[in-house]
Amino acid sequence: MSDKPLLKKADFQSDQAIRWCPGCGDYAILAQTQKTFPEITEKKENTVFISGIGCSSRFPYYMNTFGFHTIHGRAPTIASGLKMANPELSVWLVTGDGDGFSIGGNHMIHLLRRNVDINVMLFNNRIYGLTKGQYSPTSEQGKVTYSTPMGSIDYPFKPTKLALGAEASFVAKTIDKELKHLQAMIKRANSHKGTSFIEIYQNCNIFNDGAFSHLTDRDSKEEQLLRLEDGEPMIFGAEKDKGIYLDGTSPKVVQIGKDYSIDDIVVHNEKDRFIGDMLANFTASEEFPEPIGVLYCKERPSYDELMEAQMNEAQKDSKKAKGLYELLNAGDTWEVK
Amino acid sequence: MSKKAKLETVDNVTIRFAGDSGDGMQLSGGRFTQTSAIMGNDLSTLPDFPAEIRAPAGSLAGVSSFQIHFSSQEIHTPGEKPDVLVAMNPAALKVHLKDLTPGGALIINKNAFTTKNLKLAGYDSDPTEDGSLEDYYSTHFIEMSKMVERACEGIDLSPKLIDRTKNLCALGVLFWMYDRPLEPTIDWLNKKFKSKPDVVEANVRALNTGYNYGDTAEIFTTRYVVKKAKLAPGKYRNINGTLATCLGLLTAVEKSKLSLTFAGYPITPASNILHTLSNWKRFGVKTYQAEDEIAGIGAALGASYGGSLGVTASSGPGIALKGEFLGLAVITELPLVVINVQRGGPSTGLPTKTEQSDLFQAVYGRNGEAPMPVIAAATPGDCYYTAYEACRMAVKYMTPVMMLSDGYLVNGSEPWIIPNPDKMNDFDAGFVKENLTDEQYLPYKRNEETLARGWAIPGTKGLEHRIGGIEKQDVTGNVNYDSDNHEKMVQIRAQKVANIANELPPTEVFGEKKGDLLILSWGSTHGACKAATESLLDEDLKVAHVSIRWISPLPKDLKDILSNYKKILMPEINTGQFRQMIRAEFLVDAIGLNEVQGKPLGASTIVAKAKEIINE
Numbered sequence: 001m002s003d004k005p006l007l008k009k010a011d012f013q014s015d016q017a018i019r020w021c022p023g024c025g026d027y028a029i030l031a032q033t034q035k036t037f038p039e040i041t042e043k044k045e046n047t048v049f050i051s052g053i054g055c056s057s058r059f060p061y062y063m064n065t066f067g068f069h070t071i072h073g074r075a076p077t078i079a080s081g082l083k084m085a086n087p088e089l090s091v092w093l094v095t096g097d098g099d100g101f102s103i104g105g106n107h108m109i110h111l112l113r114r115n116v117d118i119n120v121m122l123f124n125n126r127i128y129g130l131t132k133g134q135y136s137p138t139s140e141q142g143k144v145t146y147s148t149p150m151g152s153i154d155y156p157f158k159p160t161k162l163a164l165g166a167e168a169s170f171v172a173k174t175i176d177k178e179l180k181h182l183q184a185m186i187k188r189a190n191s192h193k194g195t196s197f198i199e200i201y202q203n204c205n206i207f208n209d210g211a212f213s214h215l216t217d218r219d220s221k222e223e224q225l226l227r228l229e230d231g232e233p234m235i236f237g238a239e240k241d242k243g244i245y246l247d248g249t250s251p252k253v254v255q256i257g258k259d260y261s262i263d264d265i266v267v268h269n270e271k272d273r274f275i276g277d278m279l280a281n282f283t284a285s286e287e288f289p290e291p292i293g294v295l296y297c298k299e300r301p302s303y304d305e306l307m308e309a310q311m312n313e314a315q316k317d318s319k320k321a322k323g324l325y326e327l328l329n330a331g332d333t334w335e336v337k
Numbered sequence: 338m339s340k341k342a343k344l345e346t347v348d349n350v351t352i353r354f355a356g357d358s359g360d361g362m363q364l365s366g367g368r369f370t371q372t373s374a375i376m377g378n379d380l381s382t383l384p385d386f387p388a389e390i391r392a393p394a395g396s397l398a399g400v401s402s403f404q405i406h407f408s409s410q411e412i413h414t415p416g417e418k419p420d421v422l423v424a425m426n427p428a429a430l431k432v433h434l435k436d437l438t439p440g441g442a443l444i445i446n447k448n449a450f451t452t453k454n455l456k457l458a459g460y461d462s463d464p465t466e467d468g469s470l471e472d473y474y475s476t477h478f479i480e481m482s483k484m485v486e487r488a489c490e491g492i493d494l495s496p497k498l499i500d501r502t503k504n505l506c507a508l509g510v511l512f513w514m515y516d517r518p519l520e521p522t523i524d525w526l527n528k529k530f531k532s533k534p535d536v537v538e539a540n541v542r543a544l545n546t547g548y549n550y551g552d553t554a555e556i557f558t559t560r561y562v563v564k565k566a567k568l569a570p571g572k573y574r575n576i577n578g579t580l581a582t583c584l585g586l587l588t589a590v591e592k593s594k595l596s597l598t599f600a601g602y603p604i605t606p607a608s609n610i611l612h613t614l615s616n617w618k619r620f621g622v623k624t625y626q627a628e629d630e631i632a633g634i635g636a637a638l639g640a641s642y643g644g645s646l647g648v649t650a651s652s653g654p655g656i657a658l659k660g661e662f663l664g665l666a667v668i669t670e671l672p673l674v675v676i677n678v679q680r681g682g683p684s685t686g687l688p689t690k691t692e693q694s695d696l697f698q699a700v701y702g703r704n705g706e707a708p709m710p711v712i713a714a715a716t717p718g719d720c721y722y723t724a725y726e727a728c729r730m731a732v733k734y735m736t737p738v739m740m741l742s743d744g745y746l747v748n749g750s751e752p753w754i755i756p757n758p759d760k761m762n763d764f765d766a767g768f769v770k771e772n773l774t775d776e777q778y779l780p781y782k783r784n785e786e787t788l789a790r791g792w793a794i795p796g797t798k799g800l801e802h803r804i805g806g807i808e809k810q811d812v813t814g815n816v817n818y819d820s821d822n823h824e825k826m827v828q829i830r831a832q833k834v835a836n837i838a839n840e841l842p843p844t845e846v847f848g849e850k851k852g853d854l855l856i857l858s859w860g861s862t863h864g865a866c867k868a869a870t871e872s873l874l875d876e877d878l879k880v881a882h883v884s885i886r887w888i889s890p891l892p893k894d895l896k897d898i899l900s901n902y903k904k905i906l907m908p909e910i911n912t913g914q915f916r917q918m919i920r921a922e923f924l925v926d927a928i929g930l931n932e933v934q935g936k937p938l939g940a941s942t943i944v945a946k947a948k949e950i951i952n953e
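For the protein sequence lines, the chains are A and B, in the order given. Using the numbering used here, the first residue of the first sequence is number 1, and each one after it goes up by one. Using the numbering used here, the first residue of the second sequence is number 338, and each one after it goes up by one.
Chain A on its own, in the form it takes in the complex (with noise of 0.2 angstroms):
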């Protein structure tokens, strides 16, 4: 890539108009992502975005790249098939905490297993928009929605911790209004080799307004933020004066200062999986602060290089029939005169 970007922010908006609620959290993602993208790509045919069904889904149509709507919980297959059939293609995957979690719940684990170089941005607002305001599998118990009128009863998912346990080979997590954040994991994840899974908390002002609120809050967010950079200690606080201390397997906030120094706090690892199964514990909880930023990142094999790899073997066994007319003609055969 040469410094100065070949492309600009407009070459990756579309002429649709664009059919968000006013002052909806997807706005935020769309117009980072098309800012941050000529800093990632200079072949924007190269870009393909796949989403499934939901607000979030609509965002193909808003990315002047290649798209494809299609259909609910089902992105990850067609990002998968696409990505074998090419594996030159740079896919990001669109989806949102039901179309994710719900109704495609199946097809994110295996996708996160088999580690398809893939770019997942869930949006996740706890709340189902698009079929006005149902809760999510990422719903807090008790939450009143039209099809839960005396609180909700299931218990929900934490999507980092599921993804972790999908076997993810990276996992981050942001919000809609953290804007530079939202850029630096869009970039973590496109270098990534593999599926990078990013969770994006999104605010759904019509049905789900303020779930995030604690964590965007100008006044109270950092606070309850704990920012994540490698290889740094797990410090927050408006004044840098918390941290995560580990008490043996258990970690607890301290505050830094009298009984703990800088040098008590739990480092950051993102190859150390033990840290980023922590991390992921701590989302929606009254006890830690929400992490955001690379939760964990270990790269290994993706599928598409283990596929090519295979297909490349294969191409080598010389000792089986060779060409479509060997294959056509092999076994026992006869001749009838």
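Note that these hints are calculated values from the structure, not bench results. Hints are not guaranteed to be accurate.
[Stated by the list, open to error] Below, in silico cross-link-like pairs of lysine-lysine (DSBU-like), each with a Cα-Cα straight-line distance of 35 angstroms or less:
hint: 1; chain 1: B; residue 1: Lys893; chain 2: A; residue 2: Lys44
hint: 2; chain 1: B; residue 1: Lys528; chain 2: A; residue 2: Lys337
hint: 3; chain 1: B; residue 1: Lys594; chain 2: B; residue 2: Lys825
hint: 4; chain 1: A; residue 1: Lys258; chain 2: A; residue 2: Lys240
hint: 5; chain 1: A; residue 1: Lys9; chain 2: B; residue 2: Lys782
hint: 6; chain 1: B; residue 1: Lys798; chain 2: A; residue 2: Lys298
hint: 7; chain 1: B; residue 1: Lys592; chain 2: A; residue 2: Lys337
hint: 8; chain 1: B; residue 1: Lys893; chain 2: B; residue 2: Lys760
[Unchecked claim] Part of the chain B face toward chain A, derived, beta carbon under 7 angstroms:
hint: 9; residue: Leu568
hint: 10; residue: Pro570
hint: 11; residue: Glu591
hint: 12; residue: Thr598
hint: 13; residue: Lys618
hint: 14; residue: Ser645
hint: 15; residue: Glu661
hint: 16; residue: Pro758
hint: 17; residue: Lys760
hint: 18; residue: Pro795
hint: 19; residue: Lys798
hint: 20; residue: Gly805
hint: 21; residue: Gly806
hint: 22; residue: Glu808
Remember, it's a predicted structure, so these values are computed and weren't measured experimentally. Note that beta-carbon positions come from the ideal geometry of N, C-alpha and C, so glycine has one too.
Since the structure of chain A is already known, use the hints to place chain B on it.
Chain B only, in chain A's frame:
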């Protein structure tokens, strides 16, 4: 030295090998088939096995069978009532005896008729001892287990493994009875068990033991000769529908210079397509065992979107799961081949048995107005041409195509003239190469003749565009909810599929061009209908047979053909699905012959019904 058994020439023989799932009946049948093929007989086979991998040994549920019909004449079906039944245990006898031709040969492994096995099969007394069989059949109670045990003395194999060679012993007896050589089987054993010389030795000894028993035991008075059939000249091999299907797919991608991506989920009886193609990576075939049926078709469609030819295969229950994706393929107008190897339904139904009951599912089984071409294979070997055509039309018309096959076609086999791929037509994938305008690429601009849109694959500069499952605006492909546009698009999609009929060859009519009765079939009932028609024509009846290949769209000349006959008979292994379609389409009073028993229709049933109709 034994008294020589006399040699008698016969035209047609049907043999059924039946035994426990673990008795190796499919193998015995397969070897008999291969040898008969090499000897130049025409033949047709029907394997039949239980859904359970290993049902309790000796139980009725665990009986597996293989039927072969071979002949010195041209034949079209795996036969109905066997002339010879090989029953390796009491359960096999119990299940299959009712089908054996009166006076037919019954070959039994006497050693398996133990008290326990008899009880498992529900026999109160031993039929090999109580005289209940001898009056009706030509019985041969052979102590196969004991014979192979003795023959294999000195071979370092467990008694259990040695006992398992008794299927070769049974095969040896049959080879002697029908005067067939042992060498092809011995060669095959040598190849198959190359690294296990003891296993080869035991099996060869068992085979010879069976053969020599026939030669020396003086219990067989007659041997039979089935001469070479007068088949069309050419180079032949024996082929089953699975392999033919896979070869057809491979030919299609070679002729179009496309790559093949097959994605599927294991399901009986379609899984062997996945297995076969998985071995063809050296031809650039990519295969993907998906997490479920939906992911199978999704990955195939994703591959097609990316410029490979996506193919998926399943059976009825799996096709049901794929339904929503079929609609997406219809509206996004991408090429896709979906193979439905039909089995008995509904629900899990009869997984290992054949049926033709997914016709409505194939033609109509989607939400909305979602027309899709449907093509059906007629014989195991015909699966090759059907698969090739399905691919060609999918690419040419930018549409998903459903290929209907069934359990009988994929597992059944027949001698097959090996096609020369050079003589199959090339066809062009026709990828859009560039956008010649300064404007946005128009993904729904169409070829005027076919109405197919362009195949514009990701990675091509200037063609960036978006597609999806929401209604498309004509030409631009943009999301569009306008009512007039929707109606127009519904009509265009229907017309595009209908256009396929413009290039279909004239429908072949076998028999009288005008007459009293037309037997109209689709799919695997072809063979039985053709055999029935031959026999009716031999009796100078004014009949004909038409086998329909394209169910959707139907051939344009069918209406005229139907009008040339007083009556129309439609045999189907369902309750009359195609008949309903034909009646609705052409307003003709077609008569059904419908059996839903999980097995192919018999020609004799069709003959009887046809005569009844003609004489009405």
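Here is how each hint holds up against the structure:
1. B:Lys893 <-> A:Lys44: This hinted pair is violated, its Cα atoms lying about 46 angstroms apart.
2. B:Lys528 <-> A:Lys337: Satisfied, since the Cα-Cα distance of roughly 29 angstroms is no more than 35 angstroms.
3. B:Lys594 <-> B:Lys825: Holds - the C-alpha atoms of Lys825 (chain B) and Lys594 (chain B) are around 34 angstroms apart, at most 35 angstroms.
4. A:Lys258 <-> A:Lys240: With Cα atoms ~14 angstroms apart, Lys258 (chain A) and Lys240 (chain A) stay inside 35 angstroms; holds.
5. A:Lys9 <-> B:Lys782: holds (28 angstroms)
6. B:Lys798 <-> A:Lys298: Measuring from Cα to Cα gives roughly 33 angstroms; hence the hint holds.
7. B:Lys592 <-> A:Lys337: holds (29 angstroms)
8. B:Lys893 <-> B:Lys760: holds (26 angstroms)
9. Leu568: holds (5 angstroms)
10. Pro570: Hint holds; Pro570 (chain B) Cβ to chain A Cβ min 5 angstroms, cut 7 angstroms.
11. Glu591: holds (5 angstroms)
12. Thr598: This hint holds: Thr598 (chain B) lies near chain A, its Cβ roughly 6 angstroms from the closest one there, short of 7 angstroms.
13. Lys618: Holds, about 4 angstroms.
14. Ser645: holds (4 angstroms)
15. Glu661: holds (5 angstroms)
16. Pro758: With Cβ-Cβ at 5 angstroms, under 7 angstroms, it holds.
17. Lys760: Cβ of Lys760 (chain B) sits 12 angstroms from chain A, so the hint is violated.
18. Pro795: holds (4 angstroms)
19. Lys798: Nearest chain A Cβ about 5 angstroms off; hint holds.
20. Gly805: Hint on Gly805 (chain B): holds, closest Cβ of chain A at ~3 angstroms, below 7 angstroms.
21. Gly806: It holds, given that the least Cβ distance between Gly806 (chain B) and chain A is near 6 angstroms, below 7 angstroms.
22. Glu808: violated (12 angstroms)
Of the hints listed earlier, those the structure fails to meet are numbers 1, 17, 22, in rising order.
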